[in-house]
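2 protein chains.
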Amino acid sequence: MSGRDYRSSGVDIAEGEAAVERMKSSVRRTYNPRVLSDLGSFGGLFRADFPGIPRPVLVASTDGVGTKLKVASMTGRYGTVGADLVNHCVNDILVQGAEPLFFLDYIACGRLDAGVAATIVEGMASACRTCGCALIGGETAEMPGFYAPGDYDVAGTIVGVVEESSIVDGSGITPGMRIIGLESSGLHTNGYSLARKVLFDLAGLTPDSRPGALGGATVADALLEVHRCYLDAVRPVLEEGLARGLCHVTGGGVPGNLKRILPRGCGAVIEESWPVPPLFTLIEDLGGIARREMRRVFNMGAGFLVVVDEDSEARCFDLLANAGGRPFPAGSIIAGGGIEYSGKEP
Amino acid sequence: MSGRDYRSSGVDIAEGEAAVERMKSSVRRTYNPRVLSDLGSFGGLFRADFPGIPRPVLVASTDGVGTKLKVASMTGRYGTVGADLVNHCVNDILVQGAEPLFFLDYIACGRLDAGVAATIVEGMASACRTCGCALIGGETAEMPGFYAPGDYDVAGTIVGVVEESSIVDGSGITPGMRIIGLESSGLHTNGYSLARKVLFDLAGLTPDSRPGALGGATVADALLEVHRCYLDAVRPVLEEGLARGLCHVTGGGVPGNLKRILPRGCGAVIEESWPVPPLFTLIEDLGGIARREMRRVFNMGAGFLVVVDEDSEARCFDLLANAGGRPFPAGSIIAGGGIEYSGKEP
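So the protein lines, in turn, are chains A and B. For the first sequence, the working numbering begins at -14 and goes up steadily by one. For the second sequence, the working numbering begins at -14 and goes up steadily by one.
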């Protein structure tokens, strides 16, 4: 991989080279004609021509997977964290209306296992390919004494592009606008420190436990569910210029993230009308956690929000539903500054 | 910081917000008119207009600081690792002829200390400002159970730009060309696992020890010396189109990195004519490490290599010296495939 530099670890060069060998084909399948470099060069090269975009603006974001990685190391299942990371990053720049261009990853561990590193990168490459994003660089660092055996920290950086006049920044949001939620696929990549504490430490479950609430799935299955990518679902709304604000519901939940895009003088009433998925209520019940606190840590089933004009709500619903977005009404913009929930707390 | 999202940690939000507050002014001082976002948005926005570059190519690289971070946590001195990271990344894309545009960072720890995180980011911001690079995003992740108290992992991603016809990739290197070395400022960010093992575990030194070989400096001073940035030194050679190949000497040393840019059929003879700095010979002596092995782990005093035509060698020397590059002759390109050292091993 361009820039992937096992030598910096100074440790097990042979294992590093074995990992690169295994990653090569999956990484190269993410390339397109704009990628001018191959694995092993110092930097990844990506041609900066943006046909059809008169005033291109690059949108960049760095993120990690958090302690969801502990669930991966507990179970030895590293196949999904790569997609978690890529999808999280794609969603983060989608908030400003950007299409992904390229991605770079960082994997750190105490002792490198070529199979594990390759599995993680293959997961990233697969998710990149799905959204037309090239995986042009990465670094795998072996840092003895920094990480417990089996622990891998994984972070990534995405760069995308948006036409300057099409940037979505929420500044045009006004009271009366409607908030449409899109189903999440689970916890995504947030709240895992609390979830693990409740499920494993407090309730004494194991990754293989099958609590009735999960309908036959194991705890590990539920916790490792891949962070959903909202790019395809939201693109039609962007193309019609109907998104007044977009919000990726990461750590901090709906209240913590929605406030990041609301202009001064605007608040929101959230109607938690959608069915909160059972994994959330299981954590809530087993941990004795108040709904109010749950909402500030977890996405509660709403992984992405789209703020639209009241009179385009029906059209946006159709666009989102037809693109497989699984939309539901999630509330309204109001005058004021806070984020409130309608109805009584359960 | 754009995209800096303490909420993803789900842990100490107040401490995270305190850290952001402290970072703000230093981060904003890296901004320029091409930066369209401010701290706190989901992605960092950077206008993709490249005046004077007809066919712009983005060059991106991700890297970490490795176990140099252990020296920072041993001593509580976190002020320099940020510059280490930025300069490492700047040098990596300089290899292909790129000027830096923007940078994003990732900081992970077990328990966030706002002062430490802010100190690390201030170091990055300062190094970014020096080379005209905007710090447009970052993520600070608090991951309980992943990191020992005081340990911080730090990684970063840089994106720069180069005109397509000016990309330096070493493909035009031919036998007879000359290799010019540029002084390193110390170990840079490579070989710290071995250096710590030798100095601390084997020789029983402490960070405060002042071995005579270091001329009064402490071991910590020597180990924390900031990774040098070669951008200003090399730019004049790039502007005159005289660089046939460029090489950042990271982990793997001169042999491991030079081979990354040599075309098939080319090898090199390295004349280690420059004075190897005392920190390297101290590690060599205390560890009883063969020079051959030292050269494959450490930069040995040559942090960056410039391959030039024989008849432009004198001109390049002048350009590099006048720009403060501290150049020395480092060898020649030969026919063949290997990297050899001239003269006897010391």
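A hint or two may mislead.
[Stated by the list, open to error] DMTMM-like cross-link-like pairs, simulated, lysine to aspartate or glutamate; straight-line CA separation at most 25 Å:
id: 1; chain 1: B; residue 1: K244; chain 2: B; residue 2: D193
id: 2; chain 1: B; residue 1: K182; chain 2: A; residue 2: D154
id: 3; chain 1: B; residue 1: K182; chain 2: A; residue 2: E269
id: 4; chain 1: A; residue 1: K9; chain 2: A; residue 2: D23
id: 5; chain 1: A; residue 1: K182; chain 2: B; residue 2: E2
id: 6; chain 1: B; residue 1: K244; chain 2: B; residue 2: E325
id: 7; chain 1: A; residue 1: K244; chain 2: A; residue 2: D206
id: 8; chain 1: A; residue 1: K244; chain 2: B; residue 2: E2
id: 9; chain 1: B; residue 1: K244; chain 2: A; residue 2: D154
id: 10; chain 1: B; residue 1: K244; chain 2: A; residue 2: E0
id: 11; chain 1: A; residue 1: K9; chain 2: B; residue 2: D154
id: 12; chain 1: A; residue 1: K244; chain 2: B; residue 2: D154
id: 13; chain 1: B; residue 1: K9; chain 2: A; residue 2: E2
id: 14; chain 1: B; residue 1: K244; chain 2: B; residue 2: E278
Everything labelled a hint here was simulated from the structure, so no lab data went into it.
Hints, one by one, checked against the model:
Of the supplied pair hints, the one linking K244 of chain B and D193 of chain B is violated, its CA atoms being roughly 37 Å apart against a limit of 25 Å. Among the hinted pairs, K182 of chain B with D154 of chain A is inconsistent with the structure: their alpha-carbon atoms are about 50 Å apart, more than 25 Å. Using a Cα cut-off of 25 Å, the hinted pair K182 of chain B and E269 of chain A is violated, with the two alpha carbons roughly 47 Å apart. At roughly 9 Å between alpha-carbon atoms, K9 of chain A and D23 of chain A fall within 25 Å of each other, so this suggested pair holds.
Annotation: proposed proximity of K182 of chain A to E2 of chain B holds, straight-line Cα distance about 24 Å (limit 25 Å). Of the pairs offered as hints, the one joining K244 of chain B and E325 of chain B holds, with about 11 Å between alpha carbons and a cut-off of 25 Å not exceeded. Distance check on the hinted pair: K244 of chain A and D206 of chain A sit about 32 Å apart at the alpha-carbon level, beyond 25 Å; violated. Between K244 of chain A and E2 of chain B the alpha-carbon distance is near 15 Å, which keeps this suggested pair within the 25 Å criterion.
With a C-alpha separation of about 46 Å, the suggested pairing of K244 of chain B with D154 of chain A is violated against the 25 Å cut-off. The hinted pair formed by K244 of chain B and E0 of chain A meets the criterion: a straight-line CA distance of about 19 Å does not exceed 25 Å. Between K9 of chain A and D154 of chain B the alpha-carbon distance is near 20 Å, which keeps this suggested pair within the 25 Å criterion. Straight-line distance between C-alpha atoms of K244 of chain A and D154 of chain B comes to about 46 Å, which puts the hinted pair past the 25 Å bound.
Note on K9 of chain B and E2 of chain A: the hinted pairing is violated, with a Cα-Cα distance of about 40 Å set against a maximum of 25 Å. Of the pairs offered as hints, the one joining K244 of chain B and E278 of chain B holds, with about 16 Å between alpha carbons and a cut-off of 25 Å not exceeded.
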